[in-house]
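Given chain A, put chain B in place with the hints provided.
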Amino acid sequence: MFAKTPIPMELRIEHLSKTYANGTQALRDVNLTIPTGMFGLLGPNGAGKSSLMRTISTLQEADSGSIRLGDLDVLHDKDAVRRVLGYLPQEFGVYPKISAEQLLDHFAVLKGISDSRQRREVVAGLLQRTNLYEVRKKNLGGYSGGMKQRFGIAQALLGNPRLIIVDEPTAGLDPAERNRFHNLLAEIGENIIVILSTHIVGDVSDLCRNMAIINKGQVLLTGDPLVVMQELRGQVWRREVDKEQLPALLQEQQVISTRLFAGRTIVHVVAPTQPGSDYDAVEPTLEDVYFARIAQAEQAVGVEG
Amino acid sequence: MFLQIFKFEIWYRLRRPATYIYFGILLALSLLITLMTGGFFESLTAVVGVGKVHLNSPYTINSLTNALVLLPGILLVSAMFGPAVLRDFDSQMHPLLYTSPISKWGYLGGRFFGTLVVTLLLMSGIALGQIIGALFPGIPADRLGPFQLSYYLVPYLTFVLPNVLLTGAIFFALATLTRQALSTYVGSIVFLVLYIMAQSQLSDLDNQTVASLLDPLGSGATQLLTKYWTPVEKNVRLIWPTGLLGLNRLLWLGVGLLLVGFCYVRFRFEQGATGSAAPRRARPGGAALGVVAPAPVAVALPAVDQHFGFAQYFNQYLRLTWLSLRDVLRSPYFIAIVVAGLAFLLAAALQIGKIFDTTTFPITAQVIEILSGSFSLFVLAIVTFYAGELVWKERDARLNQMHDALPIPNWVPFSSKLTALLLVPVVLLLVVMMFGIITQLSSGYTNLEIGLYVRWLFGLKLIDYWLLVVLAVVVQVVVNNKYLGHFVMVLYYVFSLFAGQLGLEHNLLIYGGDSGIRYSDMNGFGHFVGPYLWFKLYWALLAVALAVGANLLWVRGTETDWRTRQHLAGRRFSGPARAALALALLGFVAVGGWIFYNTNVLNHYRGSKARQQLTVDYEKNYGRFRHTPQPRIVAVDVNVDLYPTRQEARVRGQYWLRNKTGQPLDTIILNLPSNEDVRIRKMQLGPGGATTVLADSLMGFYVQRLPRPLAPGDSLPLAFDMYYAAPGFEQSTGRTSIVANGTFINNGNLPHLGYSENAELSEPSARKKFGLKPKPRVARLEDTTARANTYIASDADWVRFAATVSTVPDQIALAPGYLQKEWTENGRRYFRYAMDAPILDFYSFQSARYAERHAKWNDVDITIYYQPGHEYNLGRMVRGVQDALSYYTKNFGPYQHRQVRIVEFPGYSAFAQAFPNTIPFSENIGFIAKVDTTDPKDVDYPYYVTAHEVAHQWWAHQVIGAAAQGGTLLSETLSQYSALMVMKQKYGPERMRKFLKYELDAYLRGRATERIAEQPLYRVENQQYIHYRKGSVVMYALANYLGEDKVNQALSQYLQEVKFQQPPYTTSLDLLRDLRQATPDSLQYLLTDMFERITLYENKADSVTARKLPDGRYRVDMVLSAKKVYADSAGNETPAKRMNDLIDVAVLGQQKINGNWQDVPLYRQKRRFRAGTTRLSVIVPSKPAKAGIDPYNLLIDRTPDDNVKAVVVK
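Each protein sequence line maps, in turn, to chains A and B.
With full-length UniProt numbering, the residue at position 8 of the first sequence is 8, and numbering never jumps.
With full-length UniProt numbering, the residue at position 29 of the second sequence is 29, and numbering never jumps.
Excised from the complex, chain A in its bound form (with noise of 0.2 Å):
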């Protein structure tokens, strides 16, 4: 889709740890190999995924470890990673009394898109490709939520990215809107890095080739969705019980989530073999092995306190 295909490269994150001035300390020795292509960030609300995104983004710093993309560094040479940088915020406004092509245009000219020609061109192909052409003369201050997330990215496809950061894209958005987003960034995310977090499994298991999941500051686990759901197979089993049953249910199993369906609970527990006879095998999904991953996580952090 672009005229200039970029040369293939990674986003290469090495023992990146950060603790803000309150204490709380958002990463910790954060290694990631991210290839082109669309890599999903998978984890919990407060896990650390925006601030890594953020670090990644050149908002934030880090307090050690390094971050290079290709041959750039991240952290040092800000300047040149933001001239190959889309970035789409977890949360943004806009200026409610300026079209979105006035301020599409306006970011074109930040971003460095003098030729107005161009600007023009691109800014309607943007626009049209966001499917907001048709309003593009309308005042940002009444658009919807879905509207504005679709301008959001629209923004960061301004120019030439070769690094794609979207934090949280899908949030707030309706299944259409959340459909027809997929399948944007999934068109792009052909041949540039798109990082896209998320606590929705789903986005990731639709999309991504590659993912991490992390949990407070931590990567957990990292590689191909398939793969990883592969590895688990045979060892997730689904068990209908009363709500009463649950507590003792917790002591006794390793249980990963638990769900309401109908009014009964539905318990998937991670075990080599059947724990029992009413246990049924379950094919693992992408959601098993999250639940899984953030629940043993927990319990090392259990057993080592």
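Calculated directly from the structure, the hints in this document are not laboratory data.
As the structure is a computational prediction, the values presented were derived from the model and not from experiment.
Among the hints, erroneous ones may be present.
Claimed, not checked - Here are the in silico distance ranges between beta carbons for each label pair:
hint, chain 1, residue 1, chain 2, residue 2, range
1, A, S17, B, T99, 17 to 27 Å
2, A, S66, B, F310, 38 to 48 Å
3, A, S17, B, Q92, 26 to 36 Å
4, A, V227, B, F8, 25 to 35 Å
5, A, Q245, B, L96, 32 to 42 Å
6, B, F8, A, L249, 37 to 47 Å
7, A, L246, B, Q92, 32 to 42 Å
8, B, Q92, A, L249, 36 to 46 Å
9, B, R326, A, V227, 36 to 46 Å
Claimed, not checked - Away from chain A, derived, C-beta distances all over 10 Å, residues of chain B:
hint, residue
10, L177
11, L301
12, V601
Beta carbons: idealized from backbone N, C-alpha and C, even for Gly.
Showing chain B alone in chain A's frame:
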């Protein structure tokens, strides 16, 4: 429900740190000002007395309370009441709250009154600060009265409570109904503006009542109530809300409650601001929830070229600058503030140059000065406010993360915002300029001087605003909290107001400080521009350094803690930043050094404390020479060489000194200018010189011993040659006397003899502090030794005078005397003047490029030397001279000179002064007056001032009082009287009333601010409000009671007795004796009351009714009350015991004269009144309109307006 919300609001507010910060601000400011007034900081600066009003008097407490409730009070009130409801919207709490079952009254009322209680509590910081301040050690006991709780409580209840309620209601309603935080900010500024405008209307005597009612905070009414209070009254009288003030308080308390009610009616528990507002979230077009949008067209995105590099960055910078500027200019709040500013300008424009309610022509300099001065408050507000808005623009829109990740260098957003804000004052000054031009054109004035506008506004004024802009932006960036940033700026403004009083006086120490700049039509900006620009360059370099620093600290990214910012700043501190910072700081230090070299090395800088110390040293070291007998100057022949372009002068010449004492004199004391001002090239006593016994060149105090004592009656010459140099420039521009065009110096710059008591420290509290004995302001009337000197000189009586003045070839130089010869030599122009008869040792030298207007009165030549362009009132001045000469020669005695010259000088001072046959006259008090003689309210003051100065040729230059109490009665009061009579003759008695009303008001105000002791007229101690203002009123009344002729005869007789007399000099006792002789016994009491006592009447028309008689005439029945009190020097009053005074009674009708309705007396008679109520009936020929007692306000009465009442015809 109400009670719960009310209590919760109080509880919530008491837990907010802001509440305590606001309390702390008020407490600190109140304490600071109290300590300052109490003289606590006088160890840092000079001792300035504060008079007799106690630091903790009800008046002082009330004034300070009101001042602080206004500022910063109003801002705090808006900060408290704005969020009372608004915070629910800001925190998105409102959907939760508005769906809960709370009542509207409970919600609004609880919030409002809860906030009110807390705000009232925090306002108590003002009182607390004052109480603590008064307890501080080091406050002299005589500045304090007894502590009374009521002094603090009454203002709290009378002013703080209703004012907080009113302004709180305004901001509460604004915030609640608009749901915009900004509206309260703008609201508070607009409120302040309207308030100040109402205040400025108060100065016009005719609409005081209306203005004081309309003033929402009641301080106008307070002013009206207390303006005549003497120190004693200020110390004990509580300001109760009675009369107009009470009405005002009730009115505005009611308005406040109405506003709360209005807010209640309009408020809806809905999402939108008010019920009527359209729903905000209209459905946007295109894809919306639930509608499946068409799949996006898979358009290929075009390839783009990205450019990075300086050219691109600069382009981005320009674009961002333009966008930021457009944001500001389009913002409704900007427009609102500017509109308020324009309204304010309009009010200011109407006041241009008002003296006696008579305006001046809108000459460009005046228009610029007044308009740009009035507007600067708005510029301050706009700059402070928008610095915050611009710096926070991305963050407020929550766009900052996207923005910060863009490939632009830090300097692009920072400098574009800075530049945009730098352009804002340019726009504002353009507005001022347009407004000024419109003002000028609309009054038919077409000499626009666009160049002056541009130079003044965009050359000088703009620099100040730019410095301010940089500071405001830097503060916002560094502090990184919008509201704290605003607060820091307010602190800076407060600091710059008070810096001097805290001992920071040098302009190198106060950001933006400069040596001052003065404009005069005659002299342009003169030599002030250079030093001014040096100072501005100095501060500009600092501003650049600050800006570079702020750019380093520019917040980019999500981490805003100080450590990270510091760390990032360190990383950003690269080559260019280092170079820029180093260059700016280097330049700052270098320019600072250059300025310091000029102000403190080439010139001698002393702070006010050091200067005061110098006068103390002078007295302590040399006071013992106070009574050393000295010869007198009897002849003066000087050469004054003026070098106007370099502000220098050479003064050389010779005095003859004669021993007029009865004993031989061998010690001569020379009192010369300090060697810091002058280089003494020659100072030689007698032909052979004298031995120097003591030489203090810094103080200019020299004691010389003659080789042979000077025998009584003998004379000896004093030859001198002094050079006034003007090296470099000074820290504060003092050199306004020798200037490029419009030099005006007097004989104070020449040598004098003997110890000078005038050089002593006079302020009583300062004397006390420095351990000096108390010193009377002026010698007592009974002190016979004081009669040895006139009140203007202690080393001369009448002198023979001749002078040669030289100047640059295109200027005319003047000195008293008649021109003997004029010639050119060595490229300079010389004038030789000589007097044909002795004059007082009091003369001046002037030089400028003058135009001349010649006229004659009999054989007296009249010449006005004026600045071309200032022709407006030359005719009035000439007529003033002519009418004055004819009245005075007819009624007092002959004029001693053959010439009268009026000589214009630059408006660095605004006065006219009479020297022998020569009257220097400031360009600002008459030359540009715009007198409309058809308007009965306009006072022709160019004519009047001229007549006054001409009168001094009699009353000063013929009759000169001794250096004792009452001395200025003989010159100033009699000149006022003389000019009044000339003016009355020309304009008629009706026109005089306006003038006298101002004089009465000025006298009563003057006595209210007396710092030492009010004296009766015959003991006046050079107090202007007495010898001018009271003098006018008293003498005019005297002429009415005795008859003008009788008064003139007495004056003429007095003149014959004492004119040109040698010591002992005359005192007011001599004048009074002659006046008494001319006064019948029945009116002797009047002289006593007017001259020897401080007498105040409280006369009033209680009721006046009329009945039409069968013959068509009217019978008017009046109930009149009269009262007379005597005040002592502090203002304590005692009723006069036996009052039996002649007072005018009049019935006035209305008649149309020249198209104006005017009062005409139908009946006027002096009747005897005893204290108390008197009933009177008189019959008048036609329909009466008004009637009363002392209707023309001949007597001194603090409520002159209740003397007459409209007649009720039954």
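Violating hint indices (sorted, rising): 1, 2, 4, 9, 11
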